[in-house]
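Residue numbers (this note's numbering), protein chains in the order written: chain L, 2 to 211; chain F, 30 to 306.
None of the hints are false.
Straight-line alpha carbon distances no greater than 30 Å define the calculated DSS-like cross-link-like pairs of lysine-lysine that follow:
(1) L:120 x F:32
(2) F:118 x L:101
(3) F:146 x L:101
(4) F:302 x F:220
(5) F:139 x L:120
(6) F:32 x L:128
(7) F:161 x F:32
(8) L:79 x L:65
(9) L:68 x F:118
(10) F:142 x L:109
(11) L:63 x L:183
(12) L:161 x L:183
(13) L:42 x L:182
(14) F:65 x L:3
(15) L:148 x F:66
(16) L:121 x F:142
(17) L:121 x F:299
(18) F:220 x L:120
(19) L:148 x F:302
(20) F:302 x L:120
(21) F:223 x L:128
(22) F:66 x L:128
(23) L:205 x F:299
(24) F:65 x L:128
(25) F:146 x L:109
(26) L:36 x L:79
To be clear, the hints were calculated from the coordinates, so they are not data collected in a lab.
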Amino acid sequence: MKKPLAGIINLSTNNILSIKRALEFIGFDTVLINKDITIKKFDLMVLPGVGAFSEAMNTLNKTKLIKTIDETLNKNKKFLCICLGMQLLFEESREFTKTKGIGFFDGKVESFSDFSVHKKTLIGWNKVNFNEKFFKDNQEFNLLQNKAYYFVHSFFVNCKNKNIEYGSSVNGGLNYTSVVKKDNITAFQFHPEKSGEHGLSLLKGVTKNI
Amino acid sequence: MIKRIIARLDIKNNFLVKGMHLEGLRILGYPELFSKKYFDDNIDEIIFQDVVASLYKRNQLSYLTNKISENVFVPITVGGGIKSIADIKEILVNGADRVSINTGAIHNKKFVKEAVKIFGSSTICISIETLKINNSYKIYTDSGRTEINIDVFDWIKEVQDLGIGEIILTSINNEGTGKGFDISLYEKASKISKIPLLAHGGAKTPDNVYDVFSKANVDGVIIASAFHFNYYKELLDKKEIPLTGSTNFLKDKNTHAISFEIKKLKEYLKSKKIEVR
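The shape of chain L in the complex, shown without the other chains:
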């Protein structure tokens, strides 16, 4: 049987290999996408990302990969966004300098350092409280509820539209969005590809039926 094909948008940030390896582990073939190409042949598009917001937007504009992302968003292609990849979908970020994002969702990316939190930079495992509707089509997800996933970030999404918030996590006194879902788009602030067995099960779950 032919394996489904995932296109990974390559922002040339730190660790693109782990998401590639994790997708291959759960049964995908993968292609790294370095420039704007037609996305028709892909069953899943992935926007991973570690690094700075402004740098990433620069790369997307320079490489015209921004057009690939627009096409993915508008053609209702199955789209998985991770960490910075999730943040980029929002209006703007104040990381280093104020930078405009893709703006597909309403809301801004804010810094933990402006809030009363436990850690200004989260490196490590934190629990995710999924919204019940996240499990509506995937009952087998129940075992993933309230488990710890691997986070690395100092900025977070302040999501205006609570209807697309499908999961949240806590940093000190702050409850922040850690899962966003709308139609064919699923986005995680944490790294499912680095979150052990539960992370792999989650990846399997959100990419099933393709």
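Here the structure of chain L is known, so what remains is to put chain F in place on it, guided by the hints.
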């Protein structure tokens, strides 16, 4: 925040090795076998350290990192002989999430600052090896071979100002000995560290780990001997150790007792109300 249990694999010539006080290395086997086992046992993170890289002025870990990251889906930190931006890039594209720098930071602080700017602070970790002599803690480079005349607590303050994400603090006195953690070292270090601090050196029993978590505010512990010897014995029983050589060290009364499983450790910590994954 959930406390992290981290396995450390010291590598020499592509083999997993283990010593005492960072010396007297013994070959234990293929690192990919051990890292896979630890992933299956629910480890939170894995650290690979090329223990002779700085001494021989080279780093050979990118090939191994690439191989290991094929079936390890938790964060991987790689260290040993890293002294340039190109070194870091090479390791990250081969599957590591973070790098740890010791010698390279002591000789060139500007390099660390630049690395933080390019790769982000969470990617850059500083590893500090300290030896306590006459009640003062000095730092060392080249895996505990060369003394640098800097006080460890001064150095902790200094590296934080470089913008790095995390500190690994190894007690050379306790490393590989099973004496338990140097609690007073980690108590003092955690008070001055504003960034995550990881304790390494001396774990013999799960209770030692509980001890350091309950008395010092460390974010994680790094364990080598106890996990390695536990798995090594399991492999020996199954006659799956591919290398011949003396296994007498396992009969040594002191070494023999340094042995526990990741799962058992986590169960124990949970029973003591320490939050682990």
